[in-house]
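Chains X and C, in that order, give the protein sequences.
Counting in the working numbering, the first sequence runs from 1 upward without gaps.
Counting in the working numbering, the second sequence runs from 403 upward without gaps.
Hints may contain errors.
Some chain X residues near chain C, calculated using beta-carbon distances under 8 Å [what the hints assert, rightly or not]:
| hint | residue |
| --- | --- |
| 1 | Pro27 |
| 2 | Glu28 |
| 3 | His39 |
| 4 | Ala43 |
| 5 | Lys177 |
| 6 | Met184 |
| 7 | Arg185 |
| 8 | Val288 |
| 9 | Gln298 |
| 10 | Gly302 |
It should be emphasised that the hints constitute simulated quantities derived from the structure, not laboratory data.
For each residue, glycine too, the CB sits at the ideal point set by N, CA and C.
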Amino acid sequence: MASVIMPAVPSESRPGRFGIYGGRYVPETLMAALVELEHAYDAAKADAAFQAELGMLLKDYAGRPTPLTFCPRLTEALGGAKIYLKREDLLHTGAHKINNALGQGLLAKRMGKKRIIAETGAGQHGVATATVCALLGLECVVYMGEVDMARQELNVLRMRLLGAEVRGVASGSKTLKDAISEAMRDWVTNVRTTYYLLGSALGAHPYPTMVRDFHRCIGREMKQQILEKEGRLPSAVIACVGGGSNAIGAFYEFLQHREVRLIGVEAGGSGMELGQHAVRFRSGTPGVLQGTFSYVLQDENGQIALTHSVSAGLDYASVGPEHAALHDAGRAEYVSADDHAALDAVVKLARTEGILPALESAHAVAEAMRIAPAMTAHDILVVNLSGRGDKDMGILARELKL
Amino acid sequence: MPIRFEHKPGLVVYLTAGDPSLETTRAIAIEALDAGAEVIELGVPFSDPLADGPVIQRASERAVARGVRLKDVIALAGEIRAARPQAGLIVFSYLNPILRYGMARFADDAAAAGVDGVLATDMIVEEAAEYLKEMTRVRLAPVFLAAPTSPDERLQAIAAHSRGFVYAISRVGITGRQQSLTADARPLVERIRRWTRLPVAVGFGISNAEHVAQVAEFADAAVIGSAIVELVERSTPEAAPGAVARFIKGLRAPQAAPAR
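Taking the hints into account, I'd like the entire structure generated from these sequences.
So, in structure tokens, the structure goes:
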């Protein structure tokens, strides 16, 4: 009996694999929906009308293109490389997440889905999804860990105001990982009517590819803008990496330009012990979490480890599979910045440039601050400032004793 | 042992291994087999059981907190095998603990312990090349899940690569009790049978004698999971094996009311 669907070895090149990483590791109930989504996305991607509608919304609703801002006072204070910020913080809703939420929201509408579910960590993806659902007239349920609801309360209130239902998740570490599990349980149960609007470059195929594609505009604009301003490509592009959506969007256009260093910054948290950080590329090992094969923080028995970061958006035990492949191939470097470095970076950027970064994005700023002094004035660092810091005022007030 | 269902319907009992303790799980498994269960599924506790409802989530969380490892579950399987040579024994796990243990080492150790088959919740046929190779090498039966949402081409592949039996998910959703069996189960089993002569077991939400009798009309076996895990949760460790045995005996009695 010949089977239409054949088992294939993971290293085989096929859609949804990044080197050996990625793939689809989900309950069978979701497979039909993932295949339907893959086909719908492929069709939408090739459809000029879909792309035109998305382009119009990105421009007139979300505010693209975002500026590339030179930081004269920060550059001078550090005394090395010239520092530029890609200003995703200026987008509607305050972070890059709206790029993907608009793309997938239009796709859900095109697929005839009326009910949208999403997970959120820092709340930026939840706010972006709630916003898009309001715009398109779709029902919206957002899952959020109870720890994250407490530390990002402003975003919980924004989601509710926008008409979304926020469902707290009290299992496990009560953070992003648990919110994703609960969203997947909802999806498994309501898969016939519901669209899962996943917010990072994570999960089963086609999500990592689709989410990356919706954020590719970041790197595309970045490249054009730096060429206009400086006439050459940057020495490095720096972005924070939780699941890794803003980073993969920023990196993708530069992959072919091997002279441009790509630096992803993970959350160093409060210490080196397992449970105190989210540095997957230092102490993680390849494994399967929530649909994809990638680096995972886990114990020696394969139980997923707890994580910690001052930033809810980076507080996750796994990482997008394309980053795992870029790591192994040596094309991107992954470093970490701890909670203190991120908080210092918030203050520094606020007081030299008048820009308040999200705690997540501050990890990328911290890495730029670390490496810029040893570089020359000829070097250019472009930091993807993925979001703004208003949402973090409660944490900042407490941590910085404002 | 090849997996056989000699009763109609066969009964497959899922237990979260190590909840409340490995010794209690062993005692429950043996009592369950003696009460008429043909197959025991030993659930490997996992920190992030995303296909499971609240009952198995809680049991899994308790067992993880107690430090129950895949290694312990394989050893437990070996003890059950030694005590009941005719029983069907399946290891039921999320993929990550198996990957961390090492696929080949897992296959060797599970086979050596006398396990008959493996069900990996988040392993679909397309990703299963290495897994199937290892299962075949040590003659373990890979059991794949089939869902009401699976189109025929997927059911064909699932049937072609499963051994022992095919596990039909009774409804679209996660594990846990339900009031009545949904209309999804029968057509799914009928579609599966177009592709295989393997027995078909129906699981998810099967919690009483009425459900079991309904399943018997169109499938070969019923899988009881959350209802038993919840019964164990509500019982003392000493009382749990007896309570589970009584519950199982009540499942095949046609006139029996649901055990409470």
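Okay, the hints, checked on the actual structure:
1. Among the interface hints, the one on Pro27/X holds; its C-beta lies about 4 Å from the nearest C-beta in chain C, closer than the 8 Å criterion.
2. The restraint placing Glu28/X at the interface with chain C holds, with a minimum CB-CB distance near 4 Å, inside the 8 Å limit.
3. Interface hint at His39/X: violated, since its Cβ lies 12 Å from the closest Cβ of chain C, which is beyond the 8 Å cut-off.
4. With a least beta-carbon distance of about 18 Å to chain C, the hint placing Ala43/X at the interface is violated under the 8 Å criterion.
5. Here the hint on Lys177/X is kept, as its CB sits about 7 Å from the closest CB of chain C, short of 8 Å.
6. Annotation: Met184/X was flagged as interfacial toward chain C, and the flag holds, the nearest CB pair being 5 Å apart, inside 8 Å.
7. At about 5 Å, the closest approach between the beta carbon of Arg185/X and any beta carbon in chain C falls short of 8 Å, and the interface hint on this residue holds.
8. For Val288/X, the interface hint holds, since its Cβ comes within 8 Å of a Cβ in chain C; the closest pair sits about 5 Å apart.
9. With its C-beta approaching chain C no nearer than about 6 Å, Gln298/X sits inside the 8 Å limit, and its interface hint holds.
10. Satisfaction of the interface hint for Gly302/X is found here, the shortest Cβ-Cβ separation to chain C being roughly 3 Å, below the 8 Å cut-off.
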